[in-house]
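One letter stands for each residue in the lines below.
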Amino acid sequence: MSEHDEHHHPSAWGPHDWSHGAPHNSWAPLIMSIGFGIFLFMLAAAFTNGVFDASYVPLVFVGLLVSLVGLIVWWRQDMSFDGTYEPIATGTPFKNIQIRKVAIWVFLMSEMMVFTSLFSTYIRYRTGIENCQTVFERGDWVSQGYTLEAGEALICFEPASHLIASSMWHIAPGAINTFALIISSFTIVQALRWAKKPLGTVDEEVRRKRVFRYLGSTWVLAIIFLILKMTEWFIGFYVPEIEILGIHEHHIHSLYSEGYLINADHYHHHDWVDEATGATMLADISVSASTFYVTTGTHGVHVLGGIIGLTYMTFKAWTGGYTPKNAVSIEYFGLYWHFVDLVWVLVFPFFYLY
Amino acid sequence: MAHYTIMGRDPYWMNFFGLMILTLIEVAAVGLDLSPEATGWSYTEKKLTLMILVGIGIPKFIMIAAIFMHLWGDEDSKILTLTALFPSFFIIVMILFIGLTHPEATTGLPEWCRPGYYN
Numbered sequence: 003m004s005e006h007d008e009h010h011h012p013s014a015w016g017p018h019d020w021s022h023g024a025p026h027n028s029w030a031p032l033i034m035s036i037g038f039g040i041f042l043f044m045l046a047a048a049f050t051n052g053v054f055d056a057s058y059v060p061l062v063f064v065g066l067l068v069s070l071v072g073l074i075v076w077w078r079q080d081m082s083f084d085g086t087y088e089p090i091a092t093g094t095p096f097k098n099i100q101i102r103k104v105a106i107w108v109f110l111m112s113e114m115m116v117f118t119s120l121f122s123t124y125i126r127y128r129t130g131i132e133n134c135q136t137v138f139e140r141g142d143w144v145s146q147g148y149t150l151e152a153g154e155a156l157i158c159f160e161p162a163s164h165l166i167a168s169s170m171w172h173i174a175p176g177a178i179n180t181f182a183l184i185i186s187s188f189t190i191v192q193a194l195r196w197a198k199k200p201l202g203t204v205d206e207e208v209r210r211k212r213v214f215r216y217l218g219s220t221w222v223l224a225i226i227f228l229i230l231k232m233t234e235w236f237i238g239f240y241v242p243e244i245e246i247l248g249i250h251e252h253h254i255h256s257l258y259s260e261g262y263l264i265n266a267d268h269y270h271h272h273d274w275v276d277e278a279t280g281a282t283m284l285a286d287i288s289v290s291a292s293t294f295y296v297t298t299g300t301h302g303v304h305v306l307g308g309i310i311g312l313t314y315m316t317f318k319a320w321t322g323g324y325t326p327k328n329a330v331s332i333e334y335f336g337l338y339w340h341f342v343d344l345v346w347v348l349v350f351p352f353f354y355l356y
Numbered sequence: 050m051a052h053y054t055i056m057g058r059d060p061y062w063m064n065f066f067g068l069m070i071l072t073l074i075e076v077a078a079v080g081l082d083l084s085p086e087a088t089g090w091s092y093t094e095k096k097l098t099l100m101i102l103v104g105i106g107i108p109k110f111i112m113i114a115a116i117f118m119h120l121w122g123d124e125d126s127k128i129l130t131l132t133a134l135f136p137s138f139f140i141i142v143m144i145l146f147i148g149l150t151h152p153e154a155t156t157g158l159p160e161w162c163r164p165g166y167y168n
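So the sequence lines, in the order shown, correspond to chains C and A.
Quick note, in my numbering, the first sequence goes up one by one and the last residue is 356.
Quick note, in my numbering, the second sequence goes up one by one and the last residue is 168.
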């Protein structure tokens, strides 16, 4: 602690007087870690061996509640952050760079490793297990009994893109999501730009409104992303007949209603019925479905995390909390958000299109 | 923030438009029938599509990292780019040596680790 901290006792619960330096005694990380720990352990316990046990549900909510308390403590401290104190690294190799910025990059490095593991798993399974369509075209389906007994399912790889890229309507949610994330990357950069405009060059009310609107737009786009993902996974949608545009009526089924599930060990796609004999090929696609849902789901969780952060930041922007001095907070969140976009740039072509 | 321009214009706007155009091409590459082009180049349509998707994915990745994430053109870009590239060793090992080139891929795994073993 510096000299002028002698008579200052920063609260561990916030808000904080940042002119006395950064708070060294926040409870937020500890509370959030305990909360996330309870949440994850109880969620896992609620689905032991695929069987749902409702008795753990209250503890799942306890975990969420503790995490929320941690978040509130963190946000109460950050609400008072006016940019007076921004720790700068003094040693090599990051000399003169903000420590928080370096920390975000180190965090992103760990994130890269998480997603690389998921991608290598996908590549390994996709190249190591025969494609269902290939097996079907070769004629190894169940009722003909070439390699399997009747009713037995063949383990093969059925990429989700087989369903998703089957028509432009099926691709639509994923494609819109791609555009939504790119636009949101742009809006967050614009929020940073307006927050960073030097004092006196812009009216403060205009700054407040612009930062609020751009962060709010990012929030809306992130919500659209998750809604469309849920639509694609669980809900599906209806396309009405519009004669003028040449659009025909369609019922676009969700992946769930198509039976594309992580436990689909007897999956049969409508394409795999042999018209001559009526034989249907049964496939165990649980591996391919798992890699799809785990990877895209992990990405979705990151979007959800971003939404939680954006909710707070949009509120802070509404109160006029961002100035050129503390605008770096938007930049740091922006790095995380661009990373989420970056991952989607790879997830979309390889899981949705190919 | 960026202290440069791209073709005399704001880099963020240029990057944004570039990304939108590349994504449109990406979606079109999947939506359009590329089988005549693929036959002409002695590829399967799927392989041609994959090549296009990889070819578009790489510049998109670089555009977001370089311009939106400020890994190019800022004072601290160099050291932060090196920081960002640090996990590349892990990425190469995971993708190249585990994902792509493991001789037996999934078939060589112990039984308990193979697909279909749920006990």
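Treat the hints with caution; some may be incorrect.
Below 25 Å or equal to it, Euclidean Cα-Cα: the simulated PhoX-like pairs (lysine-lysine) are [what the hints assert, rightly or not]: (1) A/Lys96 to C/Lys327; (2) C/Lys198 to A/Lys127; (3) C/Lys97 to C/Lys231; (4) C/Lys327 to C/Lys231; (5) C/Lys211 to C/Lys199; (6) A/Lys95 to C/Lys97; (7) C/Lys199 to C/Lys327; (8) C/Lys211 to C/Lys231; (9) C/Lys211 to C/Lys327.
No lab work stands behind these hints: they were computed from the structure.
As the structure is a prediction and not an experimental result, all values here were calculated from the model.
Verification of the supplied hints:
Of the pairs offered as hints, the one joining A/Lys96 and C/Lys327 is violated, with about 51 Å between alpha carbons and a cut-off of 25 Å exceeded. With a CA separation close to 22 Å, the supplied pair C/Lys198 and A/Lys127 stays within the 25 Å bound. Simply put, C/Lys97 and C/Lys231 have alpha-carbon atoms about 42 Å apart, too far for the 25 Å limit, and the pair is violated. The suggested pairing of C/Lys327 with C/Lys231 is violated, with an alpha-carbon distance near 37 Å, which exceeds 25 Å.
Under the criterion of a C-alpha separation no larger than 25 Å, the hint pairing C/Lys211 with C/Lys199 is consistent with the structure, at around 13 Å. Our distance criterion of 25 Å between C-alpha atoms is broken by A/Lys95 and C/Lys97, whose separation comes to about 48 Å. Proposed proximity of C/Lys199 and C/Lys327 is supported: the alpha carbons are some 10 Å apart, at most 25 Å. The suggested pairing of C/Lys211 with C/Lys231 is violated, with an alpha-carbon distance near 30 Å, which exceeds 25 Å.
About 17 Å separates the Cα atoms of C/Lys211 and C/Lys327, which keeps this hinted pair within 25 Å; it holds.
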